[in-house]
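Engineer: Please dock the two separately framed chains into a single complex, following the hints provided.
Chains as they are written, first to last, in numbering that gives the first Met the number 0: chain A, 0 to 136; chain B, 0 to 637.
Just so you know, these hints were derived from the structure itself, not from any lab. These numbers come from a predicted model, not from an experiment. The beta-carbon is built from N, C-alpha and C at its ideal position, and this holds for glycine as well. Watch out, some of these pointers could steer you wrong.
[To be verified] Derived lysine to aspartate or glutamate pairs resembling EDC-like cross-links, with alpha carbons at most 16 Å apart:
1) LYS502(B) to GLU97(A)
2) LYS502(B) to ASP35(A)
3) LYS502(B) to GLU39(A)
4) LYS502(B) to GLU34(A)
5) LYS379(B) to GLU97(A)
6) LYS203(B) to GLU117(B)
7) LYS43(A) to GLU503(B)
[Stated by the list, open to error] To list a few chain A residues with every Cβ distance to chain B over 12 Å, as calculated:
8) LYS79
9) ARG83
10) TYR95
What follows is the residue order along each chain.
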Amino acid sequence: MRPWRHSIAVLLLVSTATLAQSSLPPARYANTQLEDPRQEAEAKALMETLRCLVCQGQSIADSDADLAGDMRSLVRQRIKAGERPEAIRAWLIERYGEWVSYSPPLEPLTWPLWAAPVVLLLAGLWLARGRFRLKRR
Amino acid sequence: MIAEFGLAALWLAAALSLLQLGFGVAALRGGEGFASSVRPIAVVQAVLVGAAFLALIQLFLRTDLSVALVAENSHSQKPLLYKFAGTWGNHEGSMLLWVTVLAIAGAAVALFERSLKERTLVATLAAQAAIGLGFYAFLLFASNPFARLNPAPPQGNGLNPLLQDPGLAFHPPTLYLGYVGISIAFSFAVGALITRDVGPAFAKAMRPWVLAAWILLTLGITAGSYWAYYELGWGGWWFWDPVENASLMPWLAATALLHSVTVLATRDGLRAWTVMLAVVAFSMSMVGTFLVRSGILTSVHSFAVDPRRGAFILILLALYIGGALILFGARVGTVKEGSTFEPVSREGALVLNNLLLCVILALVFIGTIYPLITEAFGTKLSIGPPYFNSVVGPIALALALAMAAGPLMRWRRDRLFEVVRRLALPGGLMAVALVLVFVLAPGIRVLPLLGLALAFGVGAASLAPLWKRNLRRTPLFIWGMAVSHLGIGVSLAGMAAESAFSKERLVAARLGETVSVGPYAIRFESVDPVAGPNWTAIEGKLTASRGGGSFVLRPQARMFSAPPTETSEAAIATRLDGQLYTVLGKPDGAGRWQLRLWWKPFVTLIWLGGAMVAVGGLLALIGRVRRERRARRAEEGE
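Extracted from the complex, chain B is given alone in its bound form (with noise of 0.2 Å):
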């Protein structure tokens, strides 16, 4: 019954979701006492298709083998916490939780959007439902994640192993809610070009949502690099993988969209490339969901994929993309372009700033389908860390420079002298980073020696302007600004120390053998088996000493039986000063086994950056909302 529920569930959310475009196209074409219906509709539509996917969640915790995705996903024995996560961790899962944002999110702006024209509002929500009512289709058409099988198996396949983590609980959540929660800027763009409505009351309105949708995509990234650098039990943390690279894409997008609808904002310039901006954050969500879904690439990611399915999205995303560019092309002369600028000011270095991160998203995109291209000429290539380290690390490099400038310039205009007087402080600090980080390690390559050296600067400069403010009188998005761009530069400061810095040994060890890594030296101390709620495992006992103190680090070799899998469980330590990674490997049959350890200084950094920036992000967008909320009570009060 559950299952049945979950789907008429979804279907009658897919009409609404026709039923609030058509409203909407009614009330924009001048129907009366249509458009006050368009926001409930949005509401209990999200109501409807989050009823749906809590009952899928129900299914998976009853482990229902009658339901065919339960059945090729789960198993009755699994822990009950990957039960619940299970359900988003396959292909109709993912994509009902997709929509599930995407209706949420609608709702969300039909609930608490108060400053946008009625009209536009209209327009906007109009424009979410032909978003959802697509993905509907793709759902229920291709995609049923409540199919039935029957006669029902009496076990499920289950879950894949390296999915068998907390991460999974948290990050595809985190991450979709800001994925595809970044399909609010698209339809607000489309909405303000339909209403012609693009200016700085509609840069306002739109700005909470973006910095909203930011802030968890930054979240769901940071997260999911820290679980591929624990779980997959090598110590990578990015592998510019198609999948990173399909988040990482909407992540640049949006970033420059934060950056630029400021400038609308606060200035009324950039419109035309604001909205923009806005049509392509949310164009790269799509076509991530395209590269994952369709499995047209090949990715850790890609579970259960099917051509067929890949298609549909295909036309789906060439009907958005294709329709939104089309409006655009429509409207843009009605929409001027606004002020222009100095070259140096605020809005200049902001220009910089959107100019770098658009190219370094074409760059990332290029990159990511080029081989899609080349196998269309029959050679298949593959392009992966040289080539996107090459191109991307230089112009990350330059873009932390505008960064570190950007906010110590005025708005309008200012003078260069002033500028450079600005930055001696942060500059002269990173000079002489460059020059102890190279007399100190003397052999570093080059890109992690300027980022290192960038670090310091870009983190004297994030600071600099909250320098000789009163800090308790500080608008609250000033903080976040400087906390978000300090957040980079401790980021930068991690990765730059993990790939200079960091030290490997790979050995096949005896039980009472001593080893070292870095500043440690660890003992083998034992092997002995271990069970888990469903899997047995080799769990290996290693002291670590450093000084006078030692800890005991226990790596796991795990043995799954359903399905079938060996993973391995990296043991890591946490220092002040970096992390202690080791793994156990297989055994040589002569009484020997391999460890892999690694001494990784100060890599935690890089998450607790992007931590950092988030909560910058937060901290903007409470000082928006509230700044907002004052401004319309001190309207109404008159």
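Next comes chain A alone, as it looks inside the complex (with noise of 0.2 Å):
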């Protein structure tokens, strides 16, 4: 497991510097699907979820940036390999800090982001109550 994780390290960082035109083939699974499509499926939802770190605002399921590329390579081999989603995510996010990944954390200082839609809702109840006649003529 060691130095696979190493080399893939590497490659990442070699298409970070040579990010516009990169003499590497594309790594194997960068633009080539699984070939169970529920392994497919489940690598997709999750590369929709996680951000091109060279991109603006774009997902790696959909940038051509060669560093998006490696990561979707990434992610499909683990997915193939029988990993969960959830411990790709954790992984890349161990090495590239939460940026990397679109769906924020629950964790203290996102649970205002979280309770919003719940206390949002029951404010404008709140609010909204004074503009109905609630006792029946």
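Structural biologist: Okay, structure coming up:
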């Protein structure tokens, strides 16, 4: 596991440096789907929630950048090896920080974010209640 | 000379907006004779800034490289259309378009608004001038589009090839007309607060302007979504990108405003709330401008950003929104909220509509700026589709339900039993659709399933108000409402179908190979070099067949030289039941080419629905204006 992991990290570094015009051939699964449709669907769902780190606000699932291709390949290979999507996300976050994941984590800093829908709906209902005649005439 | 002329016109327009503000204030303080000059000044101001904008277009058409902006963003070899549209494909040009639209909106009010009280109109135009003044200052001191470059370079840098598309000619102007046009609602609200004139007459006067801005905003967002869909080459049509959110937020606020203004006009309720929404709608436009132009958020739209400019817009933002809110706070005591309602009534449904729209607006706002907040605490995080889809999706579906029920409820008071009875047919249709989809497409996710079922229910319910009416005597704005609501249902169906049933195929294919995607077999015939005016490309030839018929698609991989960029031009075939989307990728060096193929069932419904929403708005606008004019004529005739 270790040496393979290392080579991926190097690959990612190299492709960042030569982003515009890479002469390296694209990674194995950069633009090739997994054979098992269920695994591919799983990989695709994960890729749509990972940020392409060198792009302007695109996910790796819809970016032409070489780095995005390398990350797609990494995701597909790991899914193929049977890893759970959330484990892969955690692995990427460990390397690149929360920035890489479009799905904000649930932690004290983001509690307000996840509480917002319920809080806002309740606050709205409370504000709107004055508009209604609730007593029956 | 043209650049100097443009700059002079811009300065004069700025001076006139100061005059417009001064005269407006003087008139409101009781100065005799000032009021009559405010309208003409507003018109001349718009003519001048329009002249400045035309001057900039002329500079781009001529590729005058002695102008810094042209040299940085244009190129003499660029096709004429993109020289023209490239005028606003950069920071300074897009801000000049921004103030031009602002001034044109003000001039339109000065020329065509006849039903508002004169004092309120003067206050409105003064408020519009006050906004203009700040943004003129921004242009003249921080983003001068006419700055010269000495010596002039022999060639320009060119325009980002992603923008070199007919979409650039259409999408930004339409979007800005709506985005900045909503400033009128803001100025109306400020004007009415100043003259204490908030009431049904004010609401009736404001409604057509809100409608007009909303129609253009709807069109602009729809067009922008389709543009991103075909240009970016990966088949996505909405990304929850900060800039998309920046255009969605004013739309949500304007949609809420459109409905609350109806309550104010018809039932004299929701006065303070409507004024507040008008302030919020344009505030969201300014927040969006700040988010986009400051480059504070990473986005596909961030070109040429500069933190100093961000600070400038932030100050303007604080000044205008803060000023309006202070005025609101000071005057809200004098604005009675108006009549209260029965919960089961048309008004009740409209309040629910406003509540849900505003919650969605707040969630989009929070999700968009939250990364900035966490960054202040040292954590850089991203908030994207997983968050927005999961929090906005369910509320949007609830909103669609309210939309289905609302038009079938009576004003003032209705009986729950009656409403349920009127909803029986659409509700039954929805249940049948739910079961059918679930049986025919097992394993479908919850949101697309509910979305599809709701689309049928909403579609039927939106046509129900036309049921048993004499269709020729049905007022145009009822037609408008039905068409718009039906459009939402159509769009919802497209979104759900696309997300549930899309088929994707990514392959490395040799010439002569046949690949299948969805119902199509696609034969990869050949690749040939082709050349355009400022690009060269490799063009693939794909023959797609399904059943008996076949047709040819020619996706391209384009290479631009100025600036050096590669783009992919997708080839898309539109059929009645969906779109076949094909992209030619890179060769792998061993005789194979990357192909990306999608079959997207009913995806076109997304934008067809968006267009229907806008057309419905247009019908309502025509209907309202005609009725207003007839009423005024009848009054004058008496």
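Engineer: Now tell me if each hint is right for this structure.
Structural biologist: We went through each hint and held it up to the structure:
With a CA separation close to 30 Å, the supplied pair LYS502(B) and GLU97(A) exceeds the 16 Å bound. For the suggested pair LYS502(B) and ASP35(A), the alpha carbons sit about 14 Å apart, so the restraint of at most 16 Å is met. At most 16 Å may separate the alpha-carbon atoms for a hinted pair to count; LYS502(B) and GLU39(A) meet this at roughly 12 Å. With a C-alpha separation of about 15 Å, the suggested pairing of LYS502(B) with GLU34(A) holds against the 16 Å cut-off.
Under the criterion of a C-alpha separation no larger than 16 Å, the hint pairing LYS379(B) with GLU97(A) is consistent with the structure, at around 6 Å. Distance check on the hinted pair: LYS203(B) and GLU117(B) sit about 15 Å apart at the alpha-carbon level, within 16 Å; holds. Between LYS43(A) and GLU503(B) the alpha-carbon distance is near 10 Å, which keeps this suggested pair within the 16 Å criterion. Against the 12 Å criterion, LYS79(A) stays outside the reach of chain B, whose nearest CB is about 15 Å from its own CB.
No beta-carbon of chain B is positioned within 12 Å of the beta-carbon of ARG83(A); the least distance is around 16 Å. With 12 Å as the threshold on Cβ separation, the claim that TYR95(A) sits away from chain B is violated: the shortest Cβ distance comes to roughly 10 Å.
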